[in-house]
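**Student:** Listed here are the chains, written in short residue letters.
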Amino acid sequence: MTDGWNIVVCVKQVPDADDVTIDPDTGTLNRSDAPAVLNSPDRNAVESALELRAAVGGTVTAITMGPPVAKAVLQTAVGAGADGGVLLTDRAFGGSDTWPTSLALARAAAELDADVVICGEESTDSSTGQVPPGIAAHNGWSQLTYVESLEPRPDEGVLVGKRDVEGGYERVAAQLPVVVAMEFGANVPRPAGLHRKIFAETEFEPVEWTASDLGIEEQVGLANSPTKVGGMDTASPVERERVVVDSVDDLYEHIEEVV
Amino acid sequence: MSVDIEAYEDVWVFVEQHDGVVAPVSWELLAKGRELADETGDDLVALVMGDGVSALAEAAVSRGADRALLADDPVFEPYRADPYGEQFRALVEERKPSIVLIGGSHTGRDFAGRVAVPAHAGLTADCTELDVDDEGLLLASRPTFGGDAMATIKCPAHRPQMATVRPGVFDAGNPTEHVSDPAAAVEEVEVVVAEEDTLSTVIERVVGDVVDITDADVVVAGGAGCEGNFAPIEELADALGGEVAATRAAVDEGWVEPARQVGQTGKTVRPQLYVAAGISGAVQHLEGMNDSDVVVAVNTDPNAPIFENADYGIVGDLHEVLPELTALVRAKQEVTA
Ligand SMILES: Cc1cc2nc3c(=O)[nH]c(=O)nc-3n(C[C@H](O)[C@H](O)[C@H](O)COP(=O)(O)OP(=O)(O)OC[C@H]3O[C@@H](n4cnc5c(N)ncnc54)[C@H](O)[C@@H]3O)c2cc1C
Ligand SMILES: Cc1cc2nc3c(=O)[nH]c(=O)nc-3n(C[C@H](O)[C@H](O)[C@H](O)COP(=O)(O)OP(=O)(O)OC[C@H]3O[C@@H](n4cnc5c(N)ncnc54)[C@H](O)[C@@H]3O)c2cc1C
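Chains as they are written, first to last, in our numbering: chain S, 1 to 259; chain V, 1 to 337.
Careful, some of the hints might be misleading.
[Said to hold, decoys possible] Rough simulated footprint, nothing fancy, chain V against chain S, three-plus residues with beta-carbon under 8 Å:
hint, stretch
1, 70-79
2, 90-101
3, 120-133
4, 142-150
5, 163-173
[What the hints assert, rightly or not] Simulated restraints, written as ranges between beta carbons of each label pair:
hint, chain 1, residue 1, chain 2, residue 2, range
6, S, Pro191, V, Asp131, 36 to 42 Å
7, S, Gly95, V, Asp217, 41 to 47 Å
8, V, Val207, S, Phe199, 44 to 50 Å
9, V, Glu6, S, Asp213, 36 to 42 Å
10, S, Thr210, V, Ala157, 24 to 30 Å
Just so you know, the hints here were simulated from the structure itself, not pulled from any lab data. Keep in mind the model is a prediction, meaning the values are calculated, not measured. Cβ atoms here follow ideal geometry from the backbone N, Cα and C, with glycine treated the same way.
Please model the entire structure based on the sequences and the hints provided.
**Tutor:** Quick look at the structure:
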């Protein structure tokens, strides 16, 4: 591994914060209603990929699975410093739950001969956190989730991750290839460099792969997703009094009624 | 790629343990799993993995499991995704559980995400309601988009049907009954993983006691507005006999231990009184405290979303308001004492 590590960073396009509505008939997202952005935890993944490259050498390739417009999140990653990007796009991917999603990303990572795959903690739209361990499982690779920091040991072919665990932390040495999920907020993502940003927005073109390019057209999409959204209910919002009082004495009286 | 669904039965609960101490969420799920198994007519099975943990398998039986499966070997302590995952894969292949419930802790989510793939299981994350329909199909409901909607997720053609649940969502109760010989219901399974085949090594583990704030009747929570000084929060919590909690922002700053984080990626609490001070009211935070009986907000910004989600609020600096409140609580206690 003299020429460094092949680092793959997974970035997802998500609807911006709260501007999402749900189609009451189909129970699916009206994604078109909301402006699409890079999943914010993935900024920590990109930053940590760039830091890792600085430490061990090699390349950073961003990958995303999504519609053609998801190219935008690859541009963001390239603007921040990623060397290249791959867009996994195909109608066949539509409706995939975490099982096929992680399969597609796993195949792409294997295709890219990845040593390290770095993901975000979870997405802000469906927030399962299941994709990173899913990628590792599909490829039979090691995994490090909820990672606060990384310590590469290229001579041993090992990546050590400091994991946030219940009541403290642990340091785990994982054999390469390894899939990492960085903890949201684990680092301070760098801003895009001006020249890099211009390059990302004008010259950069992602490599595009379809499901059949990856040989998985029979294993993805809604039909191959074990979970099905069976129904969508608007949650009844909790009724609150919403009384704003003027004095601490008044506030105390309300508290006294409860305890 | 569907499977012979009829071949799958039983409700399994993964009993997460570290150094012989069971994560409370596991007992919460065992209580919920008991309800589901009673409805479907299946057995409730506790899955216990670790090193020298047969007592925990017996405890699970005493707490209501019909049986416990015990994978006992040094390779399972401390937890690592790859040996746990490989053992689970083998067990699922052989025993075919219909439903598997796993705590939504960091360990539980690390485990669930890995083991669902080889099993080709459907895995629903962060469920807040679990039920079964007439055909015994698991109905796993989870809030989406900050609680605006609930999605009910089913897994009609794949088994097992897996779900994770965050700590504090269900009640563990205290179901310990007298089982005369719990050990008789524990089955030690064949360990299929060898240390030399593992892909990872835990080289350091630094963990202390983990507080459990999920059962508290009073919770006083602070956010970024505390600006590094949690003393007003701690003193009010102390005066009210409650627990201190925090937003993820405050935890990330290192002001409060992570076990006290409330919200989507933390704990779910449902106290009689929840005081939110210096907390803006982000959807991810609201998800963990929306079921509180009474919510009180203290914030300098009258437009903070927390006021929309509170019963009583005051616009003011928490560093002034909370000490005054604490003094009033203490004064009253002295009068009644
Ligand atoms: C309301 C709703 C509820 C859902 N609930 C479930 C459920 O409980 N179980 C289930 O299996 N599926 C569920 N899904 C489907 C799920 O949203 C999709 O499979 C989704 O594409 C991936 O899951 P995630 O966003 O939760 O990923 P997470 O696992 O939360 O993402 C973690 C990281 O993986 C990477 N990543 C994830 N997706 C991509 C991508 N498309 N491209 C590149 N990198 C990516 C990113 O680095 C990200 O930070 C649900 C969908 C909806 C609309
Ligand atoms: C994937 C993901 C998961 C997340 N999970 C969680 C989670 O589980 N729990 C969680 O809490 N968050 C979670 N978050 C973060 C969440 O989005 C918010 O960023 C966070 O809750 C904000 O915390 P805060 O209210 O303390 O800080 P801020 O939003 O910065 O709010 C601080 C508030 O304090 C007020 N204030 C300032 N000074 C004072 C003063 N002197 N007196 C009174 N008020 C004052 C301000 O007006 C402001 O309203 C998650 C985010 C993501 C992306």
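**Student:** Count the residues of the stretch 163-173 of chain S with a beta-carbon closer than 8 Å to any beta-carbon of chain V: does the count reach three?
**Tutor:** As far as the stretch 163-173 of chain S goes, the hint holds, because 11 residues have Cβ atoms under 8 Å from chain V.
**Student:** Take a look at whether the Cβ-Cβ distance between Gly95(S) and Asp217(V) falls inside 41 to 47 Å.
**Tutor:** Taking Cβ atoms as reference, Gly95(S) and Asp217(V) lie about 44 Å apart, which means the hint holds.
**Student:** Is the distance from the Cβ of Glu6(V) to the Cβ of Asp213(S) consistent with 36 to 42 Å?
**Tutor:** holds (37 Å)
**Student:** Count the residues of the stretch 70-79 of chain S with a beta-carbon closer than 8 Å to any beta-carbon of chain V: does the count reach three?
**Tutor:** With 0 residues closer than 8 Å to chain V, the stretch 70-79 of chain S misses the three-residue bar; violated.
**Student:** Quick check: does the Cβ-Cβ distance between Pro191(S) and Asp131(V) fall within 36 to 42 Å?
**Tutor:** violated (47 Å)
**Student:** Could one say that the CB atoms of Val207(V) and Phe199(S) fall in the range 44 to 50 Å?
**Tutor:** Because 45 Å falls inside the window, the suggested range holds.
**Student:** Verify the CB-CB distance for Thr210(S) and Ala157(V) against the hinted window 24 to 30 Å.
**Tutor:** 25 Å Cβ-Cβ, so the 24 to 30 Å window holds.
**Student:** Residue count check for the stretch 90-101 of chain S against chain V: does it reach three with CB-CB under 8 Å?
**Tutor:** As far as the stretch 90-101 of chain S goes, the hint holds, because 3 residues have Cβ atoms under 8 Å from chain V.
**Student:** Closer than 8 Å Cβ to Cβ for three or more residues is the test here. Does the stretch 120-133 of chain S pass it with chain V?
**Tutor:** This one holds; 11 residues, not fewer than the three required, reach chain V with a Cβ under 8 Å.
**Student:** Confirm or reject the coverage of the stretch 142-150 of chain S by chain V under the rule of 3 or more residues with a beta carbon closer than 8 Å to the chain's beta carbons.
**Tutor:** Since three or more residues must qualify, the claim that chain V covers the stretch 142-150 of chain S holds, with 5 doing so at under 8 Å.
Hint violations for this structure: numbers 1, 6, all remaining hints satisfied.
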